[in-house]
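Chemist: Sequence:
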Amino acid sequence: MEALAVVSLTGNILQFVEFTSRLISSTHQISVAGSKPEHFELETIAQELRRSSRAIKSHRLSSDVEQDSKADNTLMQISKQCIDITDQLLAALNSIKKKRGAGKIKSFYQALKSEWKACEIEALQRRVDRIGGALNHHLMISRQRQIHFKLDQLAAENRRLAADRAVEIENLSTRLEGFFGETRYGLPLAESEHESPSAIFLDAAKRGVQYPIEQVILERLRFDVIDERYDAIPSAHSNTFSWIFKPDGQDDAAPSSFLEWLTSTDDLYWISGKPGSGKSTLMKFLCTHKVTKQKLREWAHKNRAGSPRAIQESDYCDQDDRLLLADFFFWNAGKKSPQKPQQGLLRALLYQILHQCPELIQQVFPEAIHPQKLESFPFNTHSSLRILNFPLSIPALTTTLKKTCHLLEPSKARLCLFIDGLDEYEGRPSDIVGLVNGIRSIKNVKICVSSRPWNEFEESFGQDRPQKLYMQDLTKKDIRKYVCDILDNDQNYQSLEEKDKEGKEFIAEIIEAAQGVFLWVVLVVRSFQEGLTNGDRIVDLQRRLRDIPRDLNEYFEKILFSDVDDFYSVQSARMLAATLHAQQKLPLMAYWFLDQQNPDYGFDLEIAPLNLGKMNLRLEQTRKRLNACCKGLLEVQFIPAFHDLDSPSSSVLFNWKVDFFHRTVKDFLLSPKTESFLAGWNSSQPEDINISICKALLPLIKIMPPEQKYLTHPAGVPEVLRSLLLHAKDLHDTQESENDHFVARLLSDIDATLLEHGHKTDQHVYRGALFGILARQSAWKRWVFMAGAVSFLDICTICGLIRFVENELNSRAESGDTTTVEKLHALLKLALMDSNYATVKMLLQNGADPNFLIEDSGDGIRPFINENATNWTIYVARLYQAHEYLTETSPSVNFKQRERHFLCIRELLEHGAQPDAVVRDHYGNLQKVHSLAREVLIPEHMALLEHFFSGSQEGLKKADISKMQRQKGSRRKSLWAKFGRV
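Counting in full-length UniProt numbering, the sequence shown tops out at residue 982, every number present.
These aren't lab readings, by the way, just hints derived from the structure by calculation. Glycine residues also receive a C-beta, built at the ideal position from the N, C-alpha and C atoms. Please note that a few of the clues may not be correct.
Just the calculated beta-carbon pair ranges, DEER-fashion [what the hints assert, rightly or not]: (1) Glu502 to Gln294: 10 to 20 Å; (2) Lys402 to Arg465: 15 to 25 Å; (3) Phe638 to Arg465: 35 to 45 Å; (4) Glu359 to Asp227: 16 to 26 Å.
From just these sequences and the hints, can you work out the full model?
Modeler: Written out as structure tokens, the structure is:
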């Protein structure tokens, strides 16, 4: 049984023991008429006992079935005894009322003597005492460890998501431990010296539902690379940016003191500057600096105090006086990010605010938590939370963020946001300007933003506003310090005899040429270091400086077309193209495989682990190749994806990734001239870059160490698989037969590799790897909890690899695989989960029956369907329980989603779905599909389906004609027909 069900039913039984013991005591005065509190409380206890018992019968989730069922039965028997006694007492109270009339009785015990014999009352008391003793024994023997384990799980998830519930969970654990301690020493359950035992358990049950809900919502908002851009930004060079905290009037201070802005009522500060001037580095510096936090605390403290003062950390323990900080750093490296930058901004800010204020979650997302659902699933946490859903569209998230900020107003909490790189926003600049202005207009919120000096940002955040700065005007001393520090630590430079005489002039020349662009300086100094290694003199370095273009794009062009040896041009273009088109940052090891000449290297490679020594050797070779072929345009980054696994192999294979040196490099590569160069890297035998990337990634899953942690950890093999599937989808969408052949070969090899790993390690590795794919891809997370056997074909269906799935199904049918029909319907269920019309259509045309009876998936939809579950009824039930969320999205998104639902419903009906099927509503009442479809679809779409639901002869005739037309359009025979099934 789920631990929370134990806690809740235990609380109900304790409540019964406490109340009954009090009721039959010789001194308890009761009211026979009037408000009837005893009747009400007894009836409530009985209802809760019955509800908890029903929940236990419905949700047997423990992996240890026999042991768990035995313990469940014990608790159920105790509950049944309580219900029996409650019914007897209610009957007695009703009888007393009839005989005594209105008024109060000094002792229920005396009144009960008129109904029962003394020996019966004593027997009742003994029964209640035995129930208490039985519960005591049951808890100590069977449940204590289980309950503590559940609390430990809550605490661990709380830490992982950084949700601010640690104190509450620790307090709850302490209270329960206190109860167990008293019980261990034999204190009667109804005589605790502290708070009521039933109150402890009922509160634990309530929180045991509330906290996982909060955690699931935080998990849905959070995404895998939420901190990746922040981590990739270089930290500020030592003792630079000190001018940002100088007050007005001091040398080198910003035109308008940032320090004063932090404590002022002004709601926006704009940091602008040229590309590469150091805006992101400064923003990272500000987010984490202790002065920033100290001054913002003074601003927050003004809610209570009339003027700022020197304050201590302890001053901010008050919930109504909190300072909340959140940040986001825009960055869209590679072809596609896991989420759009603007969606990432909204999710990241919401996550950061709500993990600091989890008590706001149920106010922010009331539509995601329906009381009816929680009553239906009060204890089966997994089932109830699987159906929690809310839109992650940009309009919906925008509305939610503004709502969250408004909810902070009554609490007097203050929020400061740091948003870097507004010019990376994919939409119109006016949209992000509108979002920033909308948030800053909310009381108690201020924002520090950075961007390039585009006209839209200058007009909204600049002009005559004093709260702004331009980086290139303020960084001369920082650039000087950086150059001097690097050269002072360079032994070759220090050995130059003329450095003291000509060095100062040379450094001044660098600073003047930089024009405030820090990135240019970093590249130039790197070039100088190479020259110094070759014995360059100051005069040579000066000549280098004068030959280097001042414009970044021209400098990148010089690096690519002049500095890179012509011998490496093909390899250079291949590496840059792969980085530019990669769906996610590629592991460094993938570039070693990218460099292999044999086009079938990955397919021919044996499935066997690569030893650590050889791994390190290959990585070192690849670093040198990257440097020779790209001359610093690409850089190797350490991203601790496997931070929870201490292993050299995980570090080598997964933690070293390749990315652009700076965003400006990516901008340069996207220019027409550079794209033309990249396109010509293999002009003699043109190959889609997605194929090259897949060939580089495939070997990674073959050389994995034979350990489960690498194969199932979401940051391990599943991440590689996810990239492979995304690139396979790009190839699939080209609809070119040559690409289809490659995709089929690739996917078959991946499946065979995973199965082989499973045979060599553990049978659960195969499914674990597939679940790992779903767990990290935000768009696929809803399938993480999918029950039943999971296959690679399921994953391909979720990814929309339609032609591969269709060919695989037909191949299985032709080979006589008798499980093909069942698989066909399992895949239809998956396709319907996301209203994937193209996949649904393909499966129905291949013989999937909408009315085929299937087992309940355990995904939380069971209460909304009748006893006979089909893909058709499950789909309509899921749409019904989720349709209210569509009202939270923009009209355009709303229409697109409803259109997909309409197309799928029409396709199901045209392939025989029963129009008179019934589905339960939120209140458990049976409703015809027709009435629920009206709520899900817009009237225009519903009108096109009326002939299926009308029931008239004309309507049925139209439906039959439509169905015949659809079936006529299908070229393939039904898979059912291949097995002789009709």
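Chemist: When the hints from earlier in the document are held up against this structure, which numbers fail?
Modeler: As far as the earlier hints go, only 1 is violated by this structure.
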